[in-house]
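J.: Build out the structure end to end from the sequences listed, making use of the hints.
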Amino acid sequence: MAMGKSPWVWTGLVLSGLVAGALGVVFIVLDLAQADQLASVIGVFVGLAGLGVSAYGVVLARRGAVASPTPPQAAAGPASITGAGETRKTIEGGTFHGAVIQARDITGPPPAGGPGVEDGQARTGR
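In terms of this note's numbering, the sequence shown opens at residue 731 and continues consecutively.
Relax, there's no trap hidden among the hints.
Restraint ranges, calculated between C-beta atoms of paired labels, are given here:
hint	residue 1	residue 2	range
1	ALA763	LEU790	38 to 46 angstroms
2	SER736	VAL759	30 to 38 angstroms
3	VAL830	LEU743	47 to 55 angstroms
4	ARG792	GLY742	19 to 27 angstroms
5	THR820	LEU781	52 to 60 angstroms
Keep in mind the hints are simulated off the structure, nothing from the lab.
Backbone N, C-alpha and C fix where the C-beta goes; we use that ideal spot for every residue, glycine too.
T.: Next comes the structure, spelled out in C-alpha coordinates:
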(Lines of atoms letter the chains of each structure in order from A and count residues from 1; the text may use other names and numbers.)
(Lines give C-alpha, C1' and ligand atoms only; values in the text may rest on other atoms or scores of the structure.)
Protein backbone atom coordinates (compact mmCIF):
# COMPACT_ATOMS: atom_id res chain seq x y z
CA MET A 1 0.00 0.00 0.00
CA ALA A 2 1.28 3.48 -0.86
CA MET A 3 2.23 5.23 2.37
CA GLY A 4 3.96 8.24 0.80
CA LYS A 5 0.81 10.32 0.34
CA SER A 6 0.17 13.26 2.62
CA PRO A 7 -2.86 13.39 4.95
CA TRP A 8 -4.41 16.02 2.67
CA VAL A 9 -4.34 13.62 -0.27
CA TRP A 10 -5.90 10.84 1.79
CA THR A 11 -8.56 13.22 3.14
CA GLY A 12 -9.38 14.35 -0.39
CA LEU A 13 -9.64 10.79 -1.66
CA VAL A 14 -11.91 9.72 1.22
CA LEU A 15 -14.15 12.78 0.83
CA SER A 16 -14.39 12.25 -2.93
CA GLY A 17 -15.43 8.64 -2.39
CA LEU A 18 -18.05 9.62 0.19
CA VAL A 19 -19.49 12.33 -2.07
CA ALA A 20 -19.63 9.96 -5.05
CA GLY A 21 -21.38 7.31 -2.93
CA ALA A 22 -23.88 9.83 -1.55
CA LEU A 23 -24.67 11.15 -5.04
CA GLY A 24 -25.18 7.60 -6.27
CA VAL A 25 -27.72 6.95 -3.50
CA VAL A 26 -29.50 10.27 -4.17
CA PHE A 27 -29.75 9.56 -7.90
CA ILE A 28 -31.14 6.08 -7.22
CA VAL A 29 -33.79 7.42 -4.82
CA LEU A 30 -34.90 10.35 -7.05
CA ASP A 31 -36.80 9.88 -10.28
CA LEU A 32 -35.05 10.65 -13.58
CA ALA A 33 -36.34 14.22 -13.97
CA GLN A 34 -35.32 15.30 -10.47
CA ALA A 35 -31.96 13.55 -10.77
CA ASP A 36 -31.34 15.37 -14.08
CA GLN A 37 -32.11 18.76 -12.51
CA LEU A 38 -29.91 18.03 -9.50
CA ALA A 39 -27.06 16.87 -11.73
CA SER A 40 -27.30 20.10 -13.73
CA VAL A 41 -27.09 22.24 -10.60
CA ILE A 42 -24.17 20.23 -9.23
CA GLY A 43 -22.44 20.50 -12.61
CA VAL A 44 -22.69 24.28 -12.55
CA PHE A 45 -21.04 24.47 -9.14
CA VAL A 46 -18.31 21.99 -10.09
CA GLY A 47 -17.63 24.04 -13.24
CA LEU A 48 -17.41 27.27 -11.24
CA ALA A 49 -15.08 25.63 -8.73
CA GLY A 50 -12.88 24.42 -11.61
CA LEU A 51 -12.79 27.91 -13.08
CA GLY A 52 -11.72 29.32 -9.72
CA VAL A 53 -8.96 26.73 -9.29
CA SER A 54 -7.76 27.41 -12.84
CA ALA A 55 -7.63 31.17 -12.26
CA TYR A 56 -5.76 30.62 -8.99
CA GLY A 57 -3.24 28.42 -10.83
CA VAL A 58 -2.67 31.11 -13.45
CA VAL A 59 -2.10 33.73 -10.75
CA LEU A 60 0.40 31.46 -8.97
CA ALA A 61 2.21 30.69 -12.23
CA ARG A 62 2.56 34.36 -13.10
CA ARG A 63 3.75 35.28 -9.62
CA GLY A 64 6.27 32.44 -9.72
CA ALA A 65 7.63 33.54 -13.11
CA VAL A 66 8.18 37.10 -11.89
CA ALA A 67 9.19 36.40 -8.29
CA SER A 68 11.76 33.64 -8.87
CA PRO A 69 13.93 34.18 -11.93
CA THR A 70 16.47 31.48 -12.63
CA PRO A 71 19.89 32.19 -11.17
CA PRO A 72 22.65 32.87 -13.69
CA GLN A 73 24.76 29.86 -14.60
CA ALA A 74 28.47 29.87 -13.95
CA ALA A 75 30.52 30.27 -17.12
CA ALA A 76 32.41 27.20 -18.30
CA GLY A 77 36.02 27.73 -19.24
CA PRO A 78 38.20 30.77 -18.76
CA ALA A 79 36.58 34.18 -19.08
CA SER A 80 37.62 37.55 -17.78
CA ILE A 81 35.84 40.84 -17.27
CA THR A 82 37.79 43.62 -18.92
CA GLY A 83 35.75 46.67 -18.02
CA ALA A 84 32.34 48.03 -17.12
CA GLY A 85 30.05 45.35 -18.50
CA GLU A 86 32.51 44.04 -21.09
CA THR A 87 33.38 40.34 -21.08
CA ARG A 88 36.13 38.70 -23.09
CA LYS A 89 35.24 35.13 -24.00
CA THR A 90 37.93 32.63 -24.89
CA ILE A 91 37.99 28.96 -25.78
CA GLU A 92 41.13 26.97 -25.18
CA GLY A 93 42.00 23.50 -26.38
CA GLY A 94 39.68 20.85 -27.76
CA THR A 95 38.47 19.99 -31.22
CA PHE A 96 35.46 21.72 -32.68
CA HIS A 97 33.44 20.25 -35.54
CA GLY A 98 31.40 23.21 -36.72
CA ALA A 99 30.63 26.73 -35.67
CA VAL A 100 31.25 27.68 -32.03
CA ILE A 101 28.61 29.96 -30.60
CA GLN A 102 29.05 31.70 -27.28
CA ALA A 103 26.09 33.35 -25.63
CA ARG A 104 24.66 34.19 -22.24
CA ASP A 105 21.71 32.65 -20.36
CA ILE A 106 20.91 29.80 -22.74
CA THR A 107 18.48 27.20 -21.46
CA GLY A 108 17.63 23.88 -23.03
CA PRO A 109 19.46 21.85 -25.63
CA PRO A 110 20.98 23.58 -28.66
CA PRO A 111 19.06 23.37 -31.94
CA ALA A 112 20.15 20.62 -34.32
CA GLY A 113 22.90 21.96 -36.53
CA GLY A 114 22.78 25.41 -34.97
CA PRO A 115 23.02 28.69 -36.82
CA GLY A 116 25.68 28.93 -39.48
CA VAL A 117 25.62 25.23 -40.29
CA GLU A 118 24.41 24.16 -43.71
CA ASP A 119 24.53 20.58 -44.93
CA GLY A 120 26.88 19.60 -42.09
CA GLN A 121 29.48 22.20 -43.08
CA ALA A 122 30.18 25.27 -40.97
CA ARG A 123 30.34 28.66 -42.64
CA THR A 124 33.65 30.37 -41.99
CA GLY A 125 32.47 33.94 -42.60
CA ARG A 126 35.22 34.56 -45.17
